[in-house]
Amino acid sequence: MPLMQISNLQRHYDMTSGVVKALDGINLEIEEGERIVLLGPSGSGKTTLLNCVAALDSPTAGEYLFAGKEVPKDKSEEMTTFRRENIGYVFQFFNLLQDLTVLENILLIQELSGEKNKERALELLKLVGLENEVDRFPAEISGGQQQRVAIARSLAKSPKLLLGDELTGNLDSKTSEMVMEVLVKACKSENITTIMVTHDEKLTNYATRVVRLDSGKIISDKKINE
Amino acid sequence: MSLLLTKRLARSLWRTKLRLSAVVFMVAVGVFAGISFGTYANAATNLYDEIYDGDDGVNLADIWIDNPSGLWNESTSEQICDSISSQWPETDYDLNSCESRLILDGVMFIADGDGEEKVIPAVWHGINDGMIDKVWMPTYSDLSSGRIAETSDEIVLDSHIAVDLGVEVGDGIDISSGNGKMEYEVVGIGFHPMHLYFATEGSTIPADSGTYATGYLTASGLERLGNISSGSSNMILIDVQGTPDYDLQSTSDVDENPELTRLVSDLSQLMSEIDESPVSVYDRSGVFSVELLRADAEGASKMYPYVTGMIAAIAGITIFLSLQRLIQSQAKEIAVLRTLGVPKKAIMPGYVIAPLVIGAIGSLVGALLGTYVGAPGMLSFYEEIIGLPIKSEPDFSLITQIVSIAMLIVLLAGLRPAWQASRLQPLKVFRGQHEVKVSSRKMQKITSKLPATVGLSIRSSLRKPVRVSFTFFAVGISMLLFGAMLFMMSSMEDSLLGGIKDKQSWDIQASTPLDGESAAIDWVEQNGGNYELMINFPIGLENDSREMVSFGLDKFSTVEEKTSMISVELLEGKIPEIGSNPTQVLVDEGTSKFLGWQAGDEVTIMVGNTAHTVEISGLTKGEISRTIYFHRAELSAITGVESTSILIQIPDGTSLDGLSDVTIGYSLKEDAINTFESLLEQQQQFVQSIQFLGIVIAIAVLFNTLLMNLAERDSELATLRVLGAPMSKLGTMMFWEHLAIGLIGGILGAVFAYFGTVLLIGSQVQWAFYFTIEPQFAATFTIVGIIVAISVALTPIGMWRIKKMDLVDKVKDFSQ
Chain A
1 MPLMQISNLQ
11 RHYDMTSGVV
21 KALDGINLEI
31 EEGERIVLLG
41 PSGSGKTTLL
51 NCVAALDSPT
61 AGEYLFAGKE
71 VPKDKSEEMT
81 TFRRENIGYV
91 FQFFNLLQDL
101 TVLENILLIQ
111 ELSGEKNKER
121 ALELLKLVGL
131 ENEVDRFPAE
141 ISGGQQQRVA
151 IARSLAKSPK
161 LLLGDELTGN
171 LDSKTSEMVM
181 EVLVKACKSE
191 NITTIMVTHD
201 EKLTNYATRV
211 VRLDSGKIIS
221 DKKINE
Chain B
227 MSLLLTKRLA
237 RSLWRTKLRL
247 SAVVFMVAVG
257 VFAGISFGTY
267 ANAATNLYDE
277 IYDGDDGVNL
287 ADIWIDNPSG
297 LWNESTSEQI
307 CDSISSQWPE
317 TDYDLNSCES
327 RLILDGVMFI
337 ADGDGEEKVI
347 PAVWHGINDG
357 MIDKVWMPTY
367 SDLSSGRIAE
377 TSDEIVLDSH
387 IAVDLGVEVG
397 DGIDISSGNG
407 KMEYEVVGIG
417 FHPMHLYFAT
427 EGSTIPADSG
437 TYATGYLTAS
447 GLERLGNISS
457 GSSNMILIDV
467 QGTPDYDLQS
477 TSDVDENPEL
487 TRLVSDLSQL
497 MSEIDESPVS
507 VYDRSGVFSV
517 ELLRADAEGA
527 SKMYPYVTGM
537 IAAIAGITIF
547 LSLQRLIQSQ
557 AKEIAVLRTL
567 GVPKKAIMPG
577 YVIAPLVIGA
587 IGSLVGALLG
597 TYVGAPGMLS
607 FYEEIIGLPI
617 KSEPDFSLIT
627 QIVSIAMLIV
637 LLAGLRPAWQ
647 ASRLQPLKVF
657 RGQHEVKVSS
667 RKMQKITSKL
677 PATVGLSIRS
687 SLRKPVRVSF
697 TFFAVGISML
707 LFGAMLFMMS
717 SMEDSLLGGI
727 KDKQSWDIQA
737 STPLDGESAA
747 IDWVEQNGGN
757 YELMINFPIG
767 LENDSREMVS
777 FGLDKFSTVE
787 EKTSMISVEL
797 LEGKIPEIGS
807 NPTQVLVDEG
817 TSKFLGWQAG
827 DEVTIMVGNT
837 AHTVEISGLT
847 KGEISRTIYF
857 HRAELSAITG
867 VESTSILIQI
877 PDGTSLDGLS
887 DVTIGYSLKE
897 DAINTFESLL
907 EQQQQFVQSI
917 QFLGIVIAIA
927 VLFNTLLMNL
937 AERDSELATL
947 RVLGAPMSKL
957 GTMMFWEHLA
967 IGLIGGILGA
977 VFAYFGTVLL
987 IGSQVQWAFY
997 FTIEPQFAAT
1007 FTIVGIIVAI
1017 SVALTPIGMW
1027 RIKKMDLVDK
1037 VKDFSQ
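Those protein sequence lines, which keep their order, are chains A and B. Residue 226 in this note's numbering sits at position 226 of the first sequence, with consecutive numbering throughout. Just add 226 to the spot in the second sequence (first one is 1) and you have this note's numbering.
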């Protein structure tokens, strides 16, 4: 059974100028362990799709099954529970909590999920190569390091699906490569499925599948052999 | 200054309507309170000036010569004034007039609700010439009516008691003064300068309704009542040309008029040559009612700029913090404008104008409410407490003064944020460096062992130390408003009610005629009661115009022992030993503070014009007036007075029939307690209004800060929500955070309130009125509890804010 099944997913916005179809009939099946890169021009619907997949946003129509179960929509706390149990999220601007150290940023997510495990947090930091930075504050480490902390944080509660929205958009190319290598290594070792939204074609090098969107529709969907 | 930039700022401010209205509210409250208190202070000061020395006033005497130990007969009375006139000391002041006056204690008989006769203590004045210390009968008030007494069976009853008992002109009343009951016709209702503050002698508490009476008869009318020979007197009133200043008791290191002080001293010396009686000579500062009202008006005048300033300071702090937050949220816009070449001077004015506009709106609302609601309400409250007619007119100079204070504070509050806004560095803003602040390592270490959620709560709360400090400071001030009332009321209740309930065990205190106590003792013995004799006598100080009240007690005991009818609370030292040389006495804590007298000191006191050395064996606590305690026998030896009153304990249910026949007058302990309770009750509404104000301001301050904290953490909280943090966990995190802020704020608020109140009271206490604030667990706990409750109660607002957060919108900010 695929991890995710999306059928005829639509997300329409009623604007004064008329209805905007951000997603217009998306069909997608994703298997466990896939690393998908979502590409497309601005306004193509990449981020909207990612938001619907993350249960941050509720689709206007269509079906979205995750591990065979329908994903909740329009119910804030049920959607939050779904995210807590299944989704990891990495943002372009890292969004680490500046008042917490590297380690505490990870422990916080564990605590909020009710599964605090310091050993695993340290293990994840080792996995992303930051075992020597555990007690530093985000402002004391580089952008690349911060993004690796964000990756470790998103893996902390062992999600089934990791989502990244322009996660290298704020990094230079060398740092981007380093971060992506860490991400791939971590996801492989944890068998986590990944969907990354990006403008950067280079990220396809780390993907097992590349999906292109335009005007709210999938215009190509290619698997890449590793 | 660009109009568009200002318009943009106005729109940004409008978006924070809720916080904006909290700030406007606080400015309005500051102005409202200032105008209300200021009107009261000014009205009180003007009222007394008008009564004492106005065209329709009473022509208050400038110097009083009081004979507490007996009466002068007609020829002595005349001789004293003749001698004063002929031997008038060398002074800048010419003698205007000298008038003898007879003032006697007595009682008034009234019928209570059951038709039973009730006796209330009274003071009767026999006014002959009536050129000085006249009866005041203002025509503009319906609190007075009729005319002054002209024949020996007429009386003007004081308005306070007439209003309380519903006595009208034309009624007949029964009164006595140690010589049986007599009926007098009430021909007028008015006021007397010595009883404007309507309290029994020496009491700082206005008498409860129907428990005290004063009346103004002709001299012959009072002589008839007391069966005293014609022309007798016990008081000489002296009026000098003009209205000289006098040495204020509240300024012990400054003599406002050394010339008058010298005249008082010279007259005292002169009296010792004319007459043997131990007289007391004093100026206006020695008249209890005059001094207490002056001190009250002075206290109010001193206080209202502080009250306005304090509330305006809270508003200023809130404006300062809100503008800082606004600038932070607009940093990118400002940076863009600066990058596009907008000069600093174009950025700054808007942020200066904003607080001025907020201040102007708040001031307008406050001025209107203060003038038309607060001030009349305050005057009506004061009128009710003090029972005097007060004219109420809007005072535009006061309004201008208060609004100016408020506007100055809001202007100052806006300057720093405006300066910061104009100096934002675009590059730093674009890099986000202006927001990034490395957390304190020390704080991290302190909280490292705590769960990350708790650590985050603590660190986030303390992330902006200036904001937190200012918030706690503002909460502290608001709690000063609340706590001052709480601490004062609790301490006052302890001091006043506790003073009589716990320290005094008599049932009746009766004034006896000089050398006439044996009849009262017989009455007590016939009724199976106990008694102690007591002397109350004014005691002077060497080269000092201030006076103390002396108590000559038959027995001494401490509050722990309570073996005498009046016990003392010893602060230090020991009970005086009878027969010591020099005579041992106790003095109260206030006297010790004002005169620097300590236990063990030998000091000089004046009885009339004679100096006596006494040794202070200890200090007592809890007396509001300046007090000195003697063994009665020893006080009797230096005053020549055997006793002035008798303290009586009687079995429950004993009838008081016959007591008024053998005493000049008497008062019941029960009435004294009712008086205190009634005053405390009367003040409850006022006190609760101030307390409510303090709480509302604390809510506004905390609301503003916690909302800013939350707004600032929007992205953090949104991140946590996106990562799956449940509302319950975030709510719990916020709850602990608010609890911590509440606890710290509450404790600091309580400390602030306590020490602030102590300072406040310290600046207000005077010779006539000494009061201390005691730390009280219940009051402290209430303050902490209130702040914690306010803080924690804001948690649902925070949760609601997180709940309505548009995560899709937030995620856009995180990745674009």
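Because the hints were derived from the structure by calculation, they are not lab data. Warning: the hint list may mix true and false statements.
To be verified - Below, simulated EDC-like cross-link-like pairs (lysine to aspartate or glutamate); rule was C-alpha separation at most 16 Å, straight line: (1) Lys1030/B <-> Glu34/A; (2) Lys75/A <-> Asp1032/B; (3) Lys1030/B <-> Glu70/A; (4) Lys1029/B <-> Glu78/A; (5) Lys223/A <-> Glu77/A; (6) Lys188/A <-> Glu32/A; (7) Lys1030/B <-> Glu907/B; (8) Lys955/B <-> Glu29/A; (9) Lys955/B <-> Asp172/A; (10) Lys955/B <-> Glu938/B; (11) Lys1029/B <-> Glu903/B; (12) Lys675/B <-> Glu29/A; (13) Lys223/A <-> Glu78/A; (14) Lys671/B <-> Asp135/A; (15) Lys955/B <-> Asp74/A; (16) Lys955/B <-> Glu34/A; (17) Lys690/B <-> Asp434/B; (18) Lys1030/B <-> Glu85/A; (19) Lys668/B <-> Asp135/A; (20) Lys1029/B <-> Glu77/A; (21) Lys73/A <-> Asp1032/B; (22) Lys344/B <-> Asp481/B; (23) Lys360/B <-> Glu376/B; (24) Lys217/A <-> Glu29/A; (25) Lys1029/B <-> Glu34/A; (26) Lys222/A <-> Glu190/A.
Said to hold, decoys possible - Pulled from the structure, derived: some chain A residues nowhere near chain B, Cβ distances all over 10 Å: (27) Asn8; (28) Gly25; (29) Leu56; (30) Gly62; (31) Glu77; (32) Ser154; (33) Asp221.
C-beta atoms are modelled at their ideal positions from N, C-alpha and C, and glycine is treated no differently.
- Item | Hints violated by the structure (numbers, ascending) | 1, 3, 5, 7, 8, 9, 10, 11, 12, 13, 15, 16, 17, 18, 22, 25, 26, 29, 31, 32
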